[in-house]
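Asker: One letter stands for each residue in the lines below.
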Amino acid sequence: MNNHHDQQAQNAGGIATLLQPARRGTLSATDQPRIGEQWTGQPETYYNLPLLKKAHWGWEIITYFFLGGVGGGSYLAATLADFFGLKRDQPLVRAGRYLSLACMLASPIFLIMDLGRPERFHHMLRILKFRSAMSLGSWGITFFGLCCGLTAAHQMAKDGLLNWFPFMARTMRALPVKAIESIGALFGLFVASYTGVLLSSTAVPIWARAKHLLGPLFLTSGLSTGLSALSLILSLGRFKGQHDTLERLDRAEMITTTTELGLIVTLIPILGPLAKPLFRGKTGILFTIGTIGGGLLSPLLLKLGWRMNKKATSRSLTISASLLTLIGGVILRAVWILAGRISADNPRDIHYYNALERP
Amino acid sequence: MGQKGFFTDTTLCIGCKACEVACKQWNRLPADGYQMTGHSYDNTTALSSTTWRHVAFVEQKRSVDGKTSLADRPGTAGYEGGIGDLNGKTVNWLMMSDVCKHCTHAGCMEACPTGAIIRNEFGDVYVQPDICNGCGYCVPSCPFGVIGRNEETGNAAKCTLCYDRQKYGIEPACAKACPTDSIVFGDLDELKEKAKQRVTTLRERNVPTAYLYGVDEDTSVGDLNAFFLLTERPSVYNLPERPHLPQNNVLPGFVASAITATFLTLATAISLWRGR
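As you go down the protein sequences, you meet chains A and B in turn. If you're matching positions, the first sequence starts at 1 in our numbering and goes up one per residue. If you're matching positions, the second sequence starts at 1 in our numbering and goes up one per residue.
Mixed in with the good hints there might be a few duds.
What the hints assert, rightly or not - Coverage of chain B stretches by chain A, computed from C-beta distances (three or more under 8 angstroms per stretch; other residues unrestricted):
id	region
1	146 to 159
2	246 to 260
Unchecked claim - Pulled from the structure, derived: some chain A residues nowhere near chain B, Cβ distances all over 10 angstroms:
id	residue
3	D244
4	G294
5	S314
6	P347
Bear in mind the hints are in silico, worked out from the structure with no lab data behind them. No residue lacks a Cβ here, since even glycine has one placed at the ideal position from N, Cα and C.
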């Protein structure tokens, strides 16, 4: 027997009506809790088996995440220094341009290695899908790579490295490099950040819950590691001449490191119980001691301490701080990938996350 | 509308796994596992790139004090009450043939950067195996944990809703093989009508907990073209209770990144600046 309720009455009494035996003939098929409504009480699990499937990504992707960040960050630094045009910053400009090219030459190698069908890597450029962070990113690294190539070629021409091919040398020297740099810097910022958005646009709870923070975090880390890589490179060369440049790079690094710490602190209340992999177990040790302790707090405190004692920045300090930051950056990427595996494997995390967010 | 899909009525399922076998046979999928999991009769455990129909089993016992006891299952210690009195039975054995949901808004399809995953003319979500390059981004993007990447072929794979059989006007292998018609294939509007009538009938027959999962939903995933009739909350069957479409996170992520980029660029510029 079918009673017809109108739409307004259908959810009268809500889910509670289902917990009682049916009143014969008074329920219609539309009296049902939709998925969008809250189920009362604690969700179950199915033998504690995973509900989601984790991403397969491993060391290749961790390496690429790191290189993409360094590439974007160093390109931005080189561009800004070029625009300010200081003669003593020329080594910084040169280092930034060559470093970003090296990063963008290496990046596709790791990405292609990671594919299940590497020979079909070019299929990434069949379409552009704005709702897919990976599609946007594939095009992003293509254009950023192009800008890195042109900028580095211009630098090579200026440095006399293309003299064996005079036509190329002339053409590259004549490139409108400031225009290319402006566009390239934007793509570089995109490349450094989109990997965080890529992770948070999945169903994995720890990644998805951090949707406002992962992109910014990866970008900040990318800039921080890019600046540190440049400091390291310049320190390994003629140190005294670079003193002023390194001083200013230092300032930028400290701001970036502080921003990164701020973002991580913001993560903790937002993730809540989802943050367990970041602070417990092997991944917790890596994150707290590796990234926060070694990669962020140590270099920051070292630099602050040195400045407060009004000592001139020493070469060994810069090298140590840079290495700490770089290693911390690698560990950051690794931890987030590993934490994602743990989160995807935990059905309770999925139910917790789903209940929190608007459907 | 002409869209076709599955209606899987778990109250009719007898757990014979003919659907699993038919699916593997028709699609020439390899056997996998050979493991006795101890999770009732479930030895496939989950959907994967080589298992496109998976039968789930849940044994529910009534404890001595008359309340539902699920104490055998890890993570449920202290669980009390729940869905009344198991509908008057001493034991309840839930069986459900899980499959790709072919969502109205599919996370896997929106994630796919090569355009391999498409919606075909029958309204199903289909992975084109000659285009997929195995990036694996669809895998964590499915809110239901359906699609997997086959490590041997390198491709991502899932239920095709027997696209090849549909093109010849015959029903999918699992629906054909199901001896109780727990799995029914047909026009979605007709199936939903039948399903709603079935829910009403069940409630009249003292199964007050029957409901449809994937019909008239207001989630970002939308209605499921392969929907289910369940008698317990979705998490019991390892289904998400409020699935989200992950791609809704893309825009907020990029907006936040753009704001951060602006701030960091200014901060770096100010730091690098040296007045003459």
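Asker: Run every hint past the structure and note whether it holds.
Answerer: For each hint, the structure was consulted:
no.	hint	result
1	146 to 159	holds (count 10)
2	246 to 260	holds (count 11)
3	D244	violated, 7 angstroms
4	G294	holds, 22 angstroms
5	S314	holds, 20 angstroms
6	P347	violated, 7 angstroms
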